[in-house]
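Undergrad: Sequences listed follow chains A and B, in order.
If you're matching positions, the first sequence starts at 28 in the working numbering and goes up one per residue.
If you're matching positions, the second sequence starts at 6 in the working numbering and goes up one per residue.
Derived by calculation from the structure, the hints in this document are not laboratory data.
Warning: the hint list may mix true and false statements.
To be verified - Think about it this way: if two alpha-carbon atoms lie no more than 20 Å apart in a straight line, the pair counts; the simulated EDC-like pairs of lysine to aspartate or glutamate are:
1. A/K97 x A/E79
2. A/K36 x B/E50
3. B/K47 x A/D53
4. A/K84 x A/E106
5. A/K84 x B/E8
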Amino acid sequence: NAGVTQTPKFRVLKTGQSMTLLCAQDMNHEYMYWYRQDPGMGLRLIHYSVGEGTTAKGEVPDGYNVSRLKKQNFLLGLESAAPSQTSVYFCASGRPSGGAAGDTQYFGPGTRLTVL
Amino acid sequence: QKEVEQDPGPLSVPEGAIVSLNCTYSNSAFQYFMWYRQYSRKGPELLMYTYSSGNKEDGRFTAQVDKSSKYISLFIRDSQPSDSATYLCMAGGTSYGKLTFGQGTILTVHP
Numbered sequence: 028n029a030g031v032t033q034t035p036k037f038r039v040l041k042t043g044q045s046m047t048l049l050c051a052q053d054m055n056h057e058y059m060y061w062y063r064q065d066p067g068m069g070l071r072l073i074h075y076s077v078g079e080g081t082t083a084k085g086e087v088p089d090g091y092n093v094s095r096l097k098k099q100n101f102l103l104g105l106e107s108a109a110p111s112q113t114s115v116y117f118c119a120s121g122r123p124s125g126g127a128a129g130d131t132q133y134f135g136p137g138t139r140l141t142v143l
Numbered sequence: 006q007k008e009v010e011q012d013p014g015p016l017s018v019p020e021g022a023i024v025s026l027n028c029t030y031s032n033s034a035f036q037y038f039m040w041y042r043q044y045s046r047k048g049p050e051l052l053m054y055t056y057s058s059g060n061k062e063d064g065r066f067t068a069q070v071d072k073s074s075k076y077i078s079l080f081i082r083d084s085q086p087s088d089s090a091t092y093l094c095m096a097g098g099t100s101y102g103k104l105t106f107g108q109g110t111i112l113t114v115h116p
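Okay, chain B solo, but in the shape it has when bound (with noise of 0.2 Å):
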């Protein structure tokens, strides 16, 4: 079993939707959390940090974590076409090396 689960889709919404994607972790040595979105045939880029429990929002998005079930969470909302996109969570501890990824999912906005 991989220590970060995230479900990989694909998931297709319509534009306007709100969108909510997932992980979870199993170990709980994580202390930070992270989104990153990587478009076709490039490189991810980071979208959200998170380091404690509870919610941070930046624009559209919104990252939530929740330390106690070992859940996060990230909300697109008014979901756009240009968010089309893998997504990919990443969880973190005090170990340089010790960065996992989750598998990450493929969304689709639709005009």
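Looking at chain A on its own, in the form it has when it is part of the complex (with noise of 0.2 Å):
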């Protein structure tokens, strides 16, 4: 049992490059999350999935995009890297619980990128 891996650990980018970044779970969880986290910034949601082939737009989505084709994976893709985009960014996967929204997240290892 992996949970939440992420693929790539580390990317560097030249600003305009695209890029697609791979978050798969084996938890059998509904929902899935995009984060990015920037100092002192904390963590913000970019885009989220409550299930298999629909998403939605979280605090920052602008300049990104993301699909769900599959339960277990979910694709943050990057058109046209910007230095601004520069960032970790965070998969995470969850469960409903009781009819409250985003219960327990777990969280993959990370993907650091750098645009340049």
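Now that you have both chains on their own, put them together as the hints suggest.
TA: Right, dumping it as structure tokens:
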């Protein structure tokens, strides 16, 4: 049981390049999330998904796209990377509980992205 | 102004001290509150989860929520060097996308 895994662990991009970050979970969770973490800003929600085939915007969605074609995978895409997207990206998964949204989330190890 | 405010510290205490970590929030729609611990270069992991005002205890950790003053706290008793980490508070409501983290407090417990 690997939990939540993220690929790649590190990446350096040049401005304008594109890339896709992959998140995979083997816990059969319905919900999946993408966050970015920046110094002094904490974790900020980029996009999330409450089930296969569904996605929704979080707090900071601009410049990112996501897809949830399979329940276990959640992809985060950067179409044209900008230096402002230099950050550590975390994926998380979870399941609904008692009607309260966003119950326990299990986080991946993170992807460190630098955009030059 | 962020909906969840947390003093980023850093906070440095001697081993065995009682640590108090605090957050305030501004959105009355928040109904449940969590504390996550994040070790350096790792993903956050859940420590405590509370849904109502009052105290919740788990070993050396106590989470406290005061909805009337919109104040949440995490107390660590008999702190250990292994408690050195960043502690993140989080607030959420019934909207799945409404999950807001504080900035995180960096804690160091020195032997």
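Undergrad: If you test the structure against every hint from before, which numbers come out violated?
TA: none
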